[in-house]
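Sequence lines, in order, name chains A and P. Under this note's numbering, the first residue of the first sequence is numbered 4, with each subsequent residue one higher. Under this note's numbering, the first residue of the second sequence is numbered -14, with each subsequent residue one higher.
Hint data in this document are derived by calculation from the structure and do not stem from the laboratory. Treat the hints with caution; some may be incorrect.
[What the hints assert, rightly or not] Stretch-level coverage of chain A by chain P, calculated; a stretch enters the list once three of its residues show a Cβ under 8 Å from a Cβ in chain P:
1. 130 to 139
2. 181 to 193
3. 324 to 330
4. 338 to 344
[Unchecked claim] Ranges of calculated distance between the beta carbons of each label pair, as one might list FRET restraints:
5. Y341/A - R208/P: 16 to 26 Å
6. F219/A - R208/P: 32 to 42 Å
7. G150/A - L179/P: 34 to 44 Å
Using N, Cα and C, we set each Cβ at its ideal position, and we do this for glycine too.
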Amino acid sequence: MMILSGDPPRSRVLTLVLVVIILALAATPFLFPGAKALNVAAKICVFAALVASYDLLLGYTGSVSFAHTMFYGIGSYAIAIALYGMGPNWAAVATGIVVGLPLAALLALAIGLFSLRVAAIFFAMITLAVASAFQVLASQLSWLTGGEDGRSFQLPELLRPGTVLIPKNLFGFEINGRILTFYLVFAVSALMILALLRVVNSPFGRVLQAIRENRFRAEALGFRTVFHLTYANCLAALVAASAGILNALWLRYAGPDTSLSFSIMLDILLMVVIGGMGTIYGAIIGATIFILAQNYLQSLMGVASNAAGEAGLPLLPGLLHPDRWLLWLGLLFIASVYFFPTGVVGRLRKAGSDESTGSSH
Amino acid sequence: MTDLAANDPLPKPKRDIAPILLPLALAVLVIPLIGSTSSWLTLTAASLAMGMMIFIMASGLTLVFGLMDVLNFGHGAFIAVGAYVATLVLAPFAASIQADSLWMNLAVLAPAALLSMAVSGALGLVVERVLILPVYGQHLKQILMTTGGLIVAEQTLYALWGPQIIPMPLPASLRGSFILGDVAIAKYRVLAMLIGLAIFIAIQLVLNRSKVGLLIRAGVENREMVEALGYRIRRLFLGVFMTGSALAGLGGVMWALYREQVHASMSDDLTVLIFIVVIIGGLGSIGGCFIGAILVAMVANYGGFLVPKLALVSNILLMVAILMWRPRGLYAVTSR
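With these hints in hand, go ahead and build the complete structure from the sequences.
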């Protein structure tokens, strides 16, 4: 209970699902062989943390930010540029962290002080504008960021796939640098999610929820809402930048498509909404469902598109083409905002509470 | 007597002219920096034309917000849809577009623009009923729903027209420039300026001189009061929403002709631009939107000429500067 900050999943099914997901992620290197499974698992970890940090903003303070990928990108690029420029050593990793995290926090502070001061609705528009400017900036400053190509880099010796830590003959599994990196990603993501859980269940988190419900009343109660909102914005930015660092370390690459593009922002929004806003646990569920679907359903779309094309159906091949993945995502997004505003977690919790009240009668 | 009340500015509103002076001052200030008068005139004309086009696209967004507190993140979709629909008319009649006769060109261009407006307006009806009606009064869900709408619209355009850039050549008679001495002003820019100005004046007349306009303005000030007086503000709002969508469609056609190409991603770029414009102008204010559009265009044109490196972030810097001065935009709508 302590580790969950007194905020358990509050639904038996949900607990079970979460336990299965976390165990499966932790055991991926041993259960599911192959590079793809490990990649998917690492991506789920990174996105679970990233989406949880976004949930702090969207679900707990009720402010929509479109700049979350910008912070994610800052983290990615900071570590990538440092490792690219200084070579594969730990000093470069440290430099990336020391430069990237404060930069993200400062930018979040500036945006927050600037736009949260007036009206919440400004925040969404201003973050969108700033994020798009940042995206253009990152692709234009090619001497620093590598432009559209991004930056590929080498990891420090310890984290490379070639480094064998425990040879195969000891346990029957080879533990190499790649697997160590995976566990690094897993552990840091888990820590960040637990920390976020702590934040939202603290008195500070309560104030955020009060602001979400009624900013005017929260202000009347004497809370400095701008301070709280800006603080939450900075915290979310820090976690997002850390997730970006993990992502870049895992991919050994940072580029506009993997860390800055607007479609990642939409992915995050969708994951939060599917999982359930304002729950933190929703982030884990949302990220898992979404990334599994993205990696394994998209190929199904290709098959369906070809089948429709061979059957001579008009329009359908175009609509089912794997590149039109976002179209179905958008429809799913609208449907889930409309029909399931509380997401999977909300649904499960509601089902659980109906059950328990039913049995007590 | 009632007419008088509608027409008269009530207890002498204080005229706030500082924002109007802003673009003028900016234009005058850059003269010494640019140096040559002819390039200054060309740049100013370009800014005005671009500003008018942005204004046409943004006007609907700001009114919709002002009237009903609805923030439509999918407004950019109407722009792209308008542009794509225009290609439906322009592509089959490419020959008459390339004919060197103004009337033949206009005979194709005008129906194309009208069709675009009709389709965008109709799409506006659908969007309002399907996406916005269920989430009235909930900002968070509005933003999410309309963002989803933007993705779906954009991807549908990709599925229907393919991901390639569609060229959209200017009609032959609108190419080239008017040459006055050593000043060259592109013909199309003059046309864009005229259309933009006409639409601005039309909007101002409707808002300030008609009963509907009176209701819209009253609704922006205080929605509940207008409802209490027995007007169906929802229907009024639907009308404004459809008009705004149609104008966005028209703006899309004009922008596509200006750039001479159509691409579904234009909705993304322009969404950011029109957001900056309505923020600068003050959400809900048409006059502010007009000045904001011209300011953004001026900064883009002058900035692009003087410090090309800065062009990327110039809009953001402009927005920051304006909001430092007036945190709610140039003309704050009082009730919000």
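Results of checking the hints against the structure:
1. 130 to 139: holds (count 6)
2. 181 to 193: Violated: only 0 residues of the region 181 to 193 of chain A have a Cβ under 8 Å from chain P.
3. 324 to 330: holds (count 5)
4. 338 to 344: Per the Cβ count (3), the hint holds.
5. Y341/A - R208/P: 16 to 26 Å: holds (24 Å)
6. F219/A - R208/P: 32 to 42 Å: Given a distance of about 18 Å, which is not inside 32 to 42 Å, the answer is violated.
7. G150/A - L179/P: 34 to 44 Å: holds (40 Å)
Hints 2, 6 from the list above are not met by this structure, while the remaining hints are.
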